[in-house]
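Chain order of the listed sequences is C and F. Residue numbers for the first sequence, in UniProt numbering: 1 to 422. Residue numbers for the second sequence, in UniProt numbering: 1 to 422.
It should be emphasised that the hints constitute simulated quantities derived from the structure, not laboratory data. Treat the hints with caution; some may be incorrect.
Intra- or inter-copy, both count: the list cannot distinguish identical chains.
Distance condition first, Cα-Cα at most 27 Å in a straight line; then the derived BS3-like pairs of lysine-lysine [what the hints assert, rightly or not]: (1) LYS386 to LYS171; (2) LYS164 to LYS288; (3) LYS276 to LYS167; (4) LYS171 to LYS276; (5) LYS381 to LYS288; (6) LYS409 to LYS185; (7) LYS333 to LYS171; (8) LYS375 to LYS102; (9) LYS110 to LYS386; (10) LYS79 to LYS381; (11) LYS110 to LYS171; (12) LYS409 to LYS102; (13) LYS188 to LYS102; (14) LYS386 to LYS102; (15) LYS241 to LYS171; (16) LYS271 to LYS171; (17) LYS415 to LYS271; (18) LYS381 to LYS185; (19) LYS167 to LYS102; (20) LYS79 to LYS276.
Protein chains: 2
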Amino acid sequence: MAASTNSFLVGNQTQIPSFKPKPTSQSFLHLTKPPFTSTRPKPVSIRCASTTTTTIGSDPRVINFAAGPAALPENVLLKAQSELYNWRGSGMSVMEMSHRGKEFLSIIQKAESDLRNLLAIPSDYSVLFLQGGATTQFASLPLNLCASSSDPADYVVTGSWGDKAFKEAQKYCNPSVVWSGKSEKYTKVPSFDGFEQNPHAKYLHICANETIHGVEFKDYPVPKNPNGVLIADMSSNFCSKPVDVSKFGVIYAGAQKNVGPSGVTIVIIRKDLIGKAREVTPVMLDYKIHDENSSLYNTPPCFGIYMCGLVFDDLLAQGGLEEVERKNQRKAKILYDAIDESGGFFRCPVEKSVRSLMNVPFTLERAELEGEFIKEAAKEKMVQLKGHRSVGGMRASIYNAMPLAGVEKLVAFMKEFQARHA
Amino acid sequence: MAASTNSFLVGNQTQIPSFKPKPTSQSFLHLTKPPFTSTRPKPVSIRCASTTTTTIGSDPRVINFAAGPAALPENVLLKAQSELYNWRGSGMSVMEMSHRGKEFLSIIQKAESDLRNLLAIPSDYSVLFLQGGATTQFASLPLNLCASSSDPADYVVTGSWGDKAFKEAQKYCNPSVVWSGKSEKYTKVPSFDGFEQNPHAKYLHICANETIHGVEFKDYPVPKNPNGVLIADMSSNFCSKPVDVSKFGVIYAGAQKNVGPSGVTIVIIRKDLIGKAREVTPVMLDYKIHDENSSLYNTPPCFGIYMCGLVFDDLLAQGGLEEVERKNQRKAKILYDAIDESGGFFRCPVEKSVRSLMNVPFTLERAELEGEFIKEAAKEKMVQLKGHRSVGGMRASIYNAMPLAGVEKLVAFMKEFQARHA
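Make a model of the complete structure from these sequences and hints.
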């Protein structure tokens, strides 16, 4: 395309042709009709590869408190944007690469290696990059770990996700709810001697962080069955803090909260647990198939895995998960403090000792103000603060990628809102 | 970041700061030291969001003959790149959007609507955007369409994928291979009266295009059972030509050949077939769950669905699937002609009447030259021409996004290579 016909300069932003130029733009006029010279220069032009309407990186970003898919680190997005059309001189997008080609293999191998460094994953654990979300794992776990439908498994249910995991397991084994927080509206985690485990349970399942209710395990129970294992759904606090992987048989997580886009599910599984899937297990739910094929049995979600890799790289650059946890603790503290110091104007129902560093649910003493709160926050570009439809109120999800400044702005808004409605 | 410090103009390309500018660039000097004026103007600057090393759309792209993930339309990639950091002024990337928010809902609804237009999908069919690839569907189909493990189903096996579908079905129903091309190395499609169907089969399954062997159905068999349905895996020729959807009970396809990146599986299913999943079916493999929730039961692969939507939009803009088919026929013809007119120097084993418009496998009469052919083609930026490890030789996958010029360049190279080795 002829550069001179499709390009121009406005202010200090690269403009794409079909973008409607502001007629009053000084620099636009400045460049097409320079007032300071009699000899008309060649029109200055920029060729932009894109022929679509956009202004790269110019529009203000919102402060995104979504529970997932959620905010991603800006530098990761910008890196992905810069590489999207042509990944590191390969001549193609990551989305166009054969999953068996050397380019993508380098991407998935680095992603696994960086994740192993982040979580100090022992060598007797496999890392799998799968599809289908945690919901698919709800079936994969009993199908791979229970030899028959009569095998017992224990579930601690601290919220909606633990409950969903239990219900799906009923199809494939003999699961028991050994503790449920439902009667207390999922605001607690039990003391580990506060529930009775089945000494024959193949595994003890927990949801390490309940996204909807904002309840997070700060420590982990030990299976009563010496041959049993602890399994954790870490979808919403994965890579938000260091974890002793050796305490678990399986850790699984959907990527779309802390480490990437939706469409990637990460499974960290102790190798001796692999290879025992029941015959009825769909091949895509058999850990052995994916382990033997290094997650490449069929075409994996390549671009999503690439994005996770960029995030892992960024987390390591930040100083690893100890530093990430410090940042998350600081963000959560100023938000919970603002709630607790509001004299009851804002309220968080969750027991203090198990409040999530990731998902902060809160309500207003005067519930009739909640709609106004959410609407006014949105005006200040703070979005996705509405609580889950099943619990109402508000919820601020403040995952790894939420900057401290975003939480500070929310807290300032809360205080100002309270002052106006005191 | 201060625009003046991180931005400049080189030639007619938008440069990102850390890219090393060509010191001789005229227009760069032109802008910083305009020769045509005595009064020094403010330095013209472009702010680019990215702080990484790249030149958007400048590096040469390869001609990508990969079988999938495969080439995507350049304008689609550029559109995605331009929107990646901030989708249409929403203040967030598509990867950061809540899948239940109005922004993503508009994306998935337009994608479905455009796909319905492209394929003229009747209103009594549902369109589902799922995960797990065609391989997951190999299990979903018998689990949803067969009431018991004894229910019969017929499979026509014209290549590796049809065979994989049959093998997975053995776990969940009583499938029969009613015809197999294995003994003839998968180079044929049977005449439809050339095999015996089970009159009680719940469905007749075909793989409409075998990616590895380059065998494509040009017409479709009718199930002998009046209550049975035809099911087609269209992963590698989906949206490459018009299809009469009403002839099928289910059409399914991984997106990563013709319509998007890997990680999205599209299922088009007649509504009366939904709601009959066996109790043992994992919830994520139950069509009813996804249909009732408009593919939003759990978090879908949002960015992949967005990319598919951009491709559907592009296919409509090209004039729809009739026009797309014309282009694909023209591309395939010049490549097959080059093979057939090479006097046996190049050979395609597939029976002419069923040669794929998408995947063109070929060998060299002198097999010892194949390595050299592939290496020299790569030097001319034609990549991924190696045949599948299971069949050897070469394979050129020329999906919708492969431009005619790419095939013309390959054909010119083939003739030049033959001349040198005659």
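Hints versus structure:
1. LYS386 to LYS171: neither (34 Å within a copy, 44 Å between copies)
2. LYS164 to LYS288: Classified as both; 24 Å inside a copy, 17 Å across copies.
3. LYS276 to LYS167: Answer is both; intra-copy 22 Å and inter-copy 19 Å each pass.
4. LYS171 to LYS276: both (17 Å within a copy, 16 Å between copies)
5. LYS381 to LYS288: neither (46 Å within a copy, 37 Å between copies)
6. LYS409 to LYS185: neither (29 Å within a copy, 66 Å between copies)
7. LYS333 to LYS171: Neither, since 41 Å and 52 Å both go past 27 Å.
8. LYS375 to LYS102: between (49 Å within a copy, 15 Å between copies)
9. LYS110 to LYS386: between (37 Å within a copy, 25 Å between copies)
10. LYS79 to LYS381: Intra 24 Å, inter 25 Å, cutoff 27 Å: intra and inter.
11. LYS110 to LYS171: Neither. Shortest intra-copy (37 Å) and inter-copy (36 Å) distances fail the 27 Å Cα cut-off.
12. LYS409 to LYS102: between (45 Å within a copy, 24 Å between copies)
13. LYS188 to LYS102: Classified as neither: same-chain Cα gap 48 Å, cross-chain 33 Å, threshold 27 Å.
14. LYS386 to LYS102: Cα proximity of LYS386 and LYS102: across copies only (14 Å, versus 44 Å in one copy).
15. LYS241 to LYS171: For LYS241 and LYS171, the Cα distance exceeds 27 Å both inside one copy (33 Å) and across copies (41 Å).
16. LYS271 to LYS171: both (25 Å within a copy, 25 Å between copies)
17. LYS415 to LYS271: So LYS415 and LYS271 fail the 27 Å test inside a copy (51 Å) and across (52 Å) alike.
18. LYS381 to LYS185: Neither, since 31 Å and 61 Å both go past 27 Å.
19. LYS167 to LYS102: neither (42 Å within a copy, 30 Å between copies)
20. LYS79 to LYS276: For LYS79 and LYS276, the Cα distance exceeds 27 Å both inside one copy (41 Å) and across copies (46 Å).
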